[in-house]
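Work out the full structure: start from the sequences and follow the hints.
Its first residue numbered 1117, the sequence shown is counted upward by one per residue in the numbering used here.
Since the hints were made in silico from the structure, they are not lab data.
The C-beta atom is built at its ideal place from N, Cα and C for all residues, glycine as well.
Where hints are given, some of them may not hold.
Okay, the calculated beta carbon distance ranges per label pair [to be verified]: (1) K1205 / G1125: 14 to 24 Å; (2) S1138 / L1209: 28 to 38 Å; (3) L1209 / E1189: 20 to 30 Å.
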Amino acid sequence: MNFAFLLMGPYDPKKHRVRFESEGGTALMVGVSSLEEAAGVARELGEAGIDLIEMCGAFGPEGAARVGAAAGERVAVGYVVHDGSQDEKFARLFGE
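If you want it as structure tokens, here you go:
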């Protein structure tokens, strides 16, 4: 399986990208600074044969849908969420 993880923050996807390769496939981690950038990266990854794209929770369901549409019908797309018991910790970290 070829897998990618997109991370939202003050990143440049041309510079902030790591790749791990093994006999089982490829894993990429790519930093992006906006939803628009993420959609462009997802399109690129889908065309390059990525099977699955996961994203940090900053994308939310709407962002995940937009990235999924850009990646193409063949690519599975999801985003990370946390258990509600962790809300207070996340609020401290992200100022929510």
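Here is how each hint holds up against the structure:
| no. | hint | in the structure |
| --- | --- | --- |
| 1 | K1205 / G1125: 14 to 24 Å | holds, 19 Å |
| 2 | S1138 / L1209: 28 to 38 Å | holds, 32 Å |
| 3 | L1209 / E1189: 20 to 30 Å | violated, 35 Å |
Violation of the numbered hints given earlier is confined to hint 3; every other hint is satisfied by the structure.
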